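Based on the provided sequences and hints, a complete structural model is requested.
Chains as they are written, first to last, in my numbering: chain A, 1 to 441; chain B, 1 to 475.
No wet-lab data here; the hints were simulated from the structure.
Fair warning: this is a prediction, and the values are worked out from it, not measured in the lab.
A virtual CB, placed ideally from N, CA and C, is assigned to each residue, including glycine.
One or more of the hints may lead you astray.
[What the hints assert, rightly or not] Here are some, though not all, of the chain B residues that point toward chain A, as calculated from beta-carbon distances under 7 Å:
(1) Q429
(2) K448
(3) S452
[Said to hold, decoys possible] Distance windows between CB atoms, simulated:
(4) E11/A - A94/B: 27 to 37 Å
(5) A337/B - Q42/A: 52 to 62 Å
(6) D40/A - A94/B: 16 to 26 Å
(7) E213/A - L113/B: 49 to 59 Å
(8) E136/B - G331/A: 38 to 48 Å
(9) V129/A - D48/B: 46 to 56 Å
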Amino acid sequence: MASDLLKVAEETVALALRKGAREAAGGAYRVRSVEVQWRDGQLEKVTEATTRGLGLELYVDGRYSAVSTADLRPEAVEQFVADAIALTRTLTPDPYRALPDPRLYEGRSTLALDLEDPRYGELDAARRVDLARALEESARAVKGAEAILSVTTGFGDTLGESARVHSNGFSGARRVTDFGLSAQVSVKDPDGRRPEDWDAAGGRHFRALPAPERVGRAAAERALARIGSRKGESGRFTVAVENRSAARLLGFLLGPMTAAALQQKRSFLDGKLGAQIGSARLELADDPLVPRGLGSRLWDSEGIAARRFPLFEAGALRSYFVDNYYGRKLGMAPTSRGMSNLAWKLGEHGQDRLLAELGEGLLVTGFLGGNSNSTTGDFSLGAQGFRVRGGQLAEPVGEMNLSGNHLELWPHLAGVGNDPYPWSAARTPTLVFEGVQVAGT
Amino acid sequence: MSSIRYFARFGVTEALVADALSAALSRGGDFADVFFQHRVSNDLALEDGAVNRAYTTVELGVGVRVVKGDQTGYGYTEDLSPAALRACAETAAAIASGPARPAPQRFHVPSRLPDRYRLQTPWEEVRPEAKLPLLEGVNARVFAADPRVKKVSVHFRDEAGAVLVATSDGRLVEDLQPMTLLYVSCLAEQGGRREQGGYNVAGRAGFDFYAPDRVDRVVREAVARTAILFEAGPAPAGELPVVLAAGSSGILLHEAIGHGMEADFNRKNVSIYADKIGKAIAKPFVNIVDDAANEGARGAINVDDEGNAAGTTRLVEDGVLATYLHDAISAKHYGVAPTGNGRRQGYAYPPLPRMRSTYMLPGPHKREEIIQSVKKGIYCENFTNGQVNIGAGDFTFYVKNGWLIEDGKLTRPIKDVNIIGNGPKVLEQVDMVSDDLAIDEGGWTCGKDGQSVPVSQGLPTVRVASLTVGGRGNG
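This is the structure in structure tokens:
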């Protein structure tokens, strides 16, 4: 049980106070993980471990440091904490450093998030290998499979236990499980290239996973669909971004919403609370209280009781991600240090219908590299996908690039799908943008 | 005297290692190794004028790997007790299923390794108080250099520690692996606009790495790379000739060829370079190496994480693909000697073929001649990140600063543009290579299979006849 970890966290905090810290937050964790990788008809790799460690945030004479160690021998921990406190004393005092106001710990939801699969212990080595094998077999059973060069599949599961204690009254412990299936397929293109694509699924409960056959087949079909990919022409296009790829684009919008980015003036969303950032279709909230959610939690990484709050409403920016420290610096009330799960106001249609309405343009099915400037909002991203012609998927395209500025992109959000990507905390639906600059030939 | 020096402090002995290897081979694995790691990282950060936060991380653990054919069993633990280590080895052993094989009881310890990271003083002996003035000085000088600077953050890191590798064929080697990094970011305002830029330096070195000329350069470059953004506009969109400045442009090699030449991808038949060894892939003046031996470089290693000697590997020799980058598994698969490219992020990870310091050797052209040869194109100076699809060969790198080239001259600065190309096609299109090779001093980190390792890269000034420039507006 995680109760032994709670005890370790309590003892570490007590040790820190004994050694001279005014306040401290301590955390301890233990993670059991098993990962099976299978490739081309045989087991490729099995990794299995139980790992552990502890972390400590120290507030000493108005100064702050955060330390962690995997060396848990008692005499080593004693020395480690003493050294950490001595180190902290060498720093410059910072009046904004303190543990969160204990009132922020209050009102913790009592919802059962159901993040631990009670049947975790039933999985055995043979079952894991069977799943990985089934993923490959289904990939190789699709039409056109003779073009497949290699299939790598995997199944992994973890049981994570953690506990956190603050010297001013917070304490919490939790256990979560994760299960994931993945398949990656490489195929032979007659032009000599070896395009690849993947599919994956993961969740908190084993029985909520899709059948491995579905994942294996999707990976193979996606890779085969890349055959014959060419660079498309440059121009301005209506661009649909499929649900699973949209998370990367969205991340560049959410990153500059942190109080740290605002306080350091590295955010193109600074001073824009309440302003219209996207079209009326942009509506989403941060929701930590989703049963079985991949980002679900009852308290955030600073112990602050988790609650839902709006991010965008009808395109207007409603909240920032405000943590304890930068919130104090900016004089803003904390919301949460970062994203948990996203809850979207979904559209009415799936990808097929969105493409039919789009008519002429592009569907992006993967980004490749690129970056986004959080200070200015300028972005430039490598992309691959398909041309859309007459509302239908046409030829595969690659070696393309999308560029623009987020303050021009999101107002052109013309469509939101009804298809949140279920295997991620961001749960992004298909998004359609008008007038995006695309570079190709 | 025991052959184990550093790890003796944690109770690690030859008998403990031999016992672990014996458990690892208890079910008939072909090969096994144990990898101990201890690493203490200290981070100091300055923000809003004060060094007001510190972070220390202590990593300590051991990974046990068992190889049977192409198959790998892996286990790891932070508990270095004999019982925990044995249990971990038995977990890894389960990849095989046969009679036990004998493990070595005595080890061959190399009398000396190369000495590629020379420190005047080990990091353990540098007190935190001694480091603070470096951060404070850089902060003050960046502010003083340009009144438009409004925010400066300085991040300093040092790492000390060691790895120990012992193998079932009886090798045992320890290597002390220091690292340091200084990252400066600055935010400037001009006429209501904000721009953020920065510079960073890294190396396997001690505190003497921060010699006055290097610190001067850090300050100068951080300010210059930020200030020029106010003058810079968007790049054009479409296919254009691209000139890569000497230095960090080596990111082109890392993405366009380096990853595709890692032997695991070729062994699995999924790399676009899978059947190209011995074939001409570039002009005869193109020579590319992956080098463990750049003294003090971030990508330098004395020995790889499988205990194999690490030297200079010729990837492309006179335009011909010469060899892949191997770890022990791939070297055995191809029947060649390991190239010392078996690297891992830490004890929780089995090794993979990875790059170290990847660069192109000097060529026959001159920088000025290359720029003058371009009628309309772009010149890329500084980069943030890149990525590659191994099989399709498509790769990208993101240009933070660059210039438009018009009629053979650098005319106006450009910023924030992604460049995209296809590895083998681009190598064929490298048609001019200058004589001004520079290895970049930046803190580059390469990610693969969820593992990050420190790398270096370099390039002389190079012209690529055509790449897709992900800018805006018409070329």
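Against the structure, the hints come out as follows:
1. The interface hint given for Q429/B is violated, since its Cβ lies 13 Å from the closest Cβ of chain A, which is over the 7 Å cut-off.
2. Given hint, K448/B at the interface with chain A, is violated; its Cβ is 13 Å from that chain's nearest Cβ, farther than 7 Å.
3. Annotation: interface hint on S452/B violated; nearest CB of chain A at approximately 16 Å, more than 7 Å.
4. In this structure, E11/A and A94/B meet the distance hint of 27 to 37 Å, their C-beta atoms being roughly 35 Å apart.
5. Checked against the hint of 52 to 62 Å, the C-beta distance between A337/B and Q42/A comes to roughly 26 Å, which is inconsistent with it.
6. A C-beta distance of roughly 21 Å is found between D40/A and A94/B, which places it inside the suggested range of 16 to 26 Å.
7. Between E213/A and L113/B the beta carbons are some 51 Å apart, a value that agrees with the proposed interval 49 to 59 Å.
8. Range check, E136/B to G331/A: about 27 Å between beta-carbon atoms, so the 38 to 48 Å window is missed.
9. With their beta carbons about 54 Å apart, V129/A and D48/B fall inside the hinted range of 46 to 56 Å.
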